[in-house]
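Peer 1: Read off the chains here:
Protein chains: 2
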Amino acid sequence: MTTQALVSEIQKKRSFLCIGLDVDVTKIPTHLLELEDPIFEFNKAIIDATHHLCVAYKPNIAFYEAYGLKGWTALQKTINYLNINHPEIFTIADAKRGDIGNTSSMYAKAFFEDLAFDSVTVAPYMGKDSIEPFLEFTEKHTIMLALTSNTGAFDFQTLTANGQPLYQSVLETSKEWKNAQNLMYVVGATKASYFAEIRNIVPDSFLLVPGVGAQGGSLEEVCKYGMNAQIGLLVNSSRGIIYASSGRDFAIKAAENAQVLQLEMAGLIPKDP
Amino acid sequence: MTTQALVSEIQKKRSFLCIGLDVDVTKIPTHLLELEDPIFEFNKAIIDATHHLCVAYKPNIAFYEAYGLKGWTALQKTINYLNINHPEIFTIADAKRGDIGNTSSMYAKAFFEDLAFDSVTVAPYMGKDSIEPFLEFTEKHTIMLALTSNTGAFDFQTLTANGQPLYQSVLETSKEWKNAQNLMYVVGATKASYFAEIRNIVPDSFLLVPGVGAQGGSLEEVCKYGMNAQIGLLVNSSRGIIYASSGRDFAIKAAENAQVLQLEMAGLIPKDP
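Residue numbers (the numbering used here), protein chains in the order written: chain A, 1 to 273; chain B, 1 to 273.
Hints in this document: simulated from the structure, not taken from any laboratory.
Every value quoted in this text rests on a predicted model; they were computed, and no experiment measured them.
Certain hints may be false.
[As the list claims (entries may be wrong)] Some chain A residues near chain B, calculated using beta-carbon distances under 7 Å:
#1 Tyr107
#2 Lys128
#3 Ser246
[To be verified] To be clear about the criterion: a stretch of chain A counts as covered by chain B if any three or more of its residues have a C-beta under 8 Å from a C-beta of chain B, and this derived list gives those stretches:
#4 168-177
#5 252-265
[Unchecked claim] With a straight-line Cα cutoff of 20 Å, these simulated DMTMM-like cross-link-like pairs (lysine to aspartate or glutamate) come out:
#6 Lys44(A) to Glu256(A)
#7 Lys70(A) to Asp24(A)
#8 Lys70(B) to Glu256(A)
#9 Lys70(B) to Asp48(A)
#10 Lys253(A) to Asp48(A)
#11 Lys70(A) to Asp37(B)
#12 Lys109(B) to Asp24(A)
Quick reminder that beta carbons are idealized off the backbone N, C-alpha and C, glycines included.
Given these sequences and hints, build the entire structure.
Peer 2: If you want it as structure tokens, here you go:
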């Protein structure tokens, strides 16, 4: 999926919402547990109820790997369901991978070829040759951690390295990598004031923004400092949407919560010129 | 598996060799491709031929995920084979994971509970709350990236942050985390001279050392600066052992190459007092 197609979809739906499919079987409605594949059935119901309100879905791979073969099967069925029924949706494998070159190539193959996601999240610690194998897939997008939304972000990401915070070095350095135009970045919403500095470094890149909702970030603040001419934001909400209810009405309640965010987003997106 | 059991095994076998099971089906002997599960059959043959020469096996998870469900099945069969037939072997899921707390908990569950590995590799970029969920498994070991063996290690890991290289900040900071005694660290062999500085910071921790062999590091240099009273090293070799031959003799040749390393190690391990 091209960036332009994503931007068009955002304008069309008046939404830059990404819904995180972080499915914990201990949190889903109990009536689903009788079905053969509760995780997939949960995802399918959430997708059916919310796909008109969001532009992206982001399964967090940890939640599938924790259930072994069954989890991997549910993940495969979920991405297939999205690719067949909603090819207009941008799909993100939230995997935070990164390894030496030949190993990163295998991860890229796993998420871009075998599972056919549009994008994958990666971690920068191992540097250029750990990320470029993902960037070789020029039809795909590689979303690199910059400044995350957890408290541990302040352990290393904000250390002053060569006169600037490490996350800014990460952004600056990555701009020089091959096919860097296919990079997007993870920037946590809990620190909206940082967005202005980040936009100085990467004015045109899409930012994937976790931390709105459960982690406490303000959507308006994020947009004030982070939005660019192409919108340039994908704001993720996971638990606040998918666990809106633990009853049989879970999908309806998820859609209601997604709509609250979508309507707020619609008010923040400038009218298409 | 306790650290003391690992140290005893090293003394008994006169080896601190870890064999990396990074299985690429395009590189394994073609006669295996006719079998139902070529990856597992390859691993089983390698394990059968080399388990007396090494103390650890390290499947790199990327190589399994790249083959989807089949890959995950082969990984599960491999770890089960090791746990049943060779409980004395230390097993490492080379996954380089790291995410916000509740997500890292799911990865910990995947590798420590579902797959029952003794240890998992993790990436430090997201800080304390991304690693502590792994450390909560006090019977297990968490192996954190410090200084890796690839060229990209010099992009961020060696940047000066708060007056010292970032990887040294990572080591120092991690010592304060809960259950830090269960941390081990990845330190690449390609920079043996760094080992002295690393030993000043973490004198007692085990170091997992890639980069001997294919990536060009010297075993003698690594031992000179990196060995401690408990040996404290697991030196990994992957391609140099498992792809020693692409013929029907692959397992025999793998054992020959493993033995070359084991004999060199035996000469570098002080006699048990």
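Peer 1: If a hint holds in the structure, say so; if it doesn't, say that too.
Peer 2: Hints versus structure:
Given the 7 Å rule on beta carbons, the hint for Tyr107(A) holds: about 5 Å separates it from the nearest Cβ of chain B. The closest approach between the C-beta of Lys128(A) and any C-beta of chain B is roughly 5 Å, which is under the 7 Å cut-off, so the hint is satisfied. Here the hint on Ser246(A) is broken, as its CB sits about 17 Å from the closest CB of chain B, past 7 Å. Restraint check on the stretch 168-177 of chain A versus chain B: 3 residues with Cβ-Cβ distances below 8 Å, three needed, restraint holds.
For the stretch 252-265 of chain A, the stated coverage by chain B is violated: 0 residues have a C-beta nearer than 8 Å to a C-beta of that chain, whereas at least 3 were required. Restraint check: the Cα-Cα separation between Lys44(A) and Glu256(A) comes to about 17 Å, which is no more than 20 Å; the hinted pair holds. Annotation: proposed proximity of Lys70(A) to Asp24(A) holds, straight-line Cα distance about 13 Å (limit 20 Å). For the proposed pair Lys70(B) and Glu256(A), the alpha carbon gap of about 39 Å is over 20 Å, so the pair is violated.
Restraint check for Lys70(B) and Asp48(A): the C-alpha separation of about 29 Å exceeds 20 Å, so the hint is violated. This hinted pair checks out: Lys253(A) and Asp48(A) have alpha carbons roughly 13 Å apart, not beyond 20 Å. Distance hint between Lys70(A) and Asp37(B) is fulfilled; the C-alpha atoms sit about 19 Å from each other, no more than 20 Å. Using a Cα cut-off of 20 Å, the hinted pair Lys109(B) and Asp24(A) holds, with the two alpha carbons roughly 12 Å apart.
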